[in-house]
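Going down the list, the protein sequences come from chains A and B.
First residue of the first sequence: 75, per my numbering; consecutive thereafter.
First residue of the second sequence: 3, per my numbering; consecutive thereafter.
Hint data in this document are derived by calculation from the structure and do not stem from the laboratory.
Bear in mind the structure is a predicted one, so any value in this text is a computation, not a measurement.
Please note that the accuracy of each hint is not assured.
Some chain B residues near chain A, calculated using beta-carbon distances under 10 Å [to be verified]:
(1) Tyr20
(2) Gln39
(3) Gln43
(4) Pro45
(5) Leu48
(6) Asp58
(7) Leu62
(8) Phe67
(9) Val76
(10) Leu93
(11) Glu104
(12) Gly110
Just so it is clear, CB atoms sit at the ideal spot from N, CA and C, and this is done for glycine as well.
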Amino acid sequence: DAKTTQPNSMESNEEEPVHLPCNHSTISGTDYIHWYRQLPSQGPEYVIHGLTSNVNNRMASLAIAEDRKSSTLILHRATLRDAAVYYCILRDANYGGSQGNLIFGKGTKLSVKP
Amino acid sequence: GAGVSQTPSNKVTEKGKYVELRCDPISGHTALYWYRQSLGQGPEFLIYFQGTGAADDSGLPNDRFFAVRPEGSVSTLKIQRTERGDSAVYLCASSHDARSNEQFFGPGTRLTVL
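Whole structure, please, built from the sequences with the hints as guidance.
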């Protein structure tokens, strides 16, 4: 599986936008980019995913570079409840077998200051 | 509706003992995953079920670890002759099927081996 690189930690102020970067220079043409987050003492939670085009949902936006070697998760207005570890994960579109599971890195720990 | 539940939430055992960890997936989800998370690390894949069968058990660290899902719903992760290095949070996730984009995680079971 292709690997991703994320900063270990980031800080944000409450009610300001947050841009969480992810590098995936060895991404293959069939890899989807998934983001999960893990709040303290909870299991991970799905945030968003995309292939080539930018994506928006109620939680966040995902901006994908034209060459797909990097992406950015955008939280439009950070709240204290957004403080979590954010994981960027590549997942092959040919799901099934060993490609069904998620391969997590260490993620980015986001701190939100009031 | 009810999410993924795991029992117990905490388990303390002594080195050498046998433990069972239970996962109740979301009703109707055919795919079920077990992950293990050590302190400061992202979750690590252990085993994945599609229905009753283990589609991929390549993440199980050794033959002391075993998991079953006899009726295609509830799953039990079994650890024999526990070692201190087995101490971690064991996470279960389910999805509608292996091709689903979103995995739903339970809160985890924190296992401590003394």
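Structure-based check of all given hints:
no.	hint	verdict
1	Tyr20	violated (25 Å)
2	Gln39	holds (8 Å)
3	Gln43	holds (6 Å)
4	Pro45	holds (5 Å)
5	Leu48	holds (9 Å)
6	Asp58	holds (4 Å)
7	Leu62	violated (12 Å)
8	Phe67	violated (15 Å)
9	Val76	violated (17 Å)
10	Leu93	holds (5 Å)
11	Glu104	holds (4 Å)
12	Gly110	holds (5 Å)
The earlier numbered hints that this structure contradicts are 1, 7, 8 and 9.
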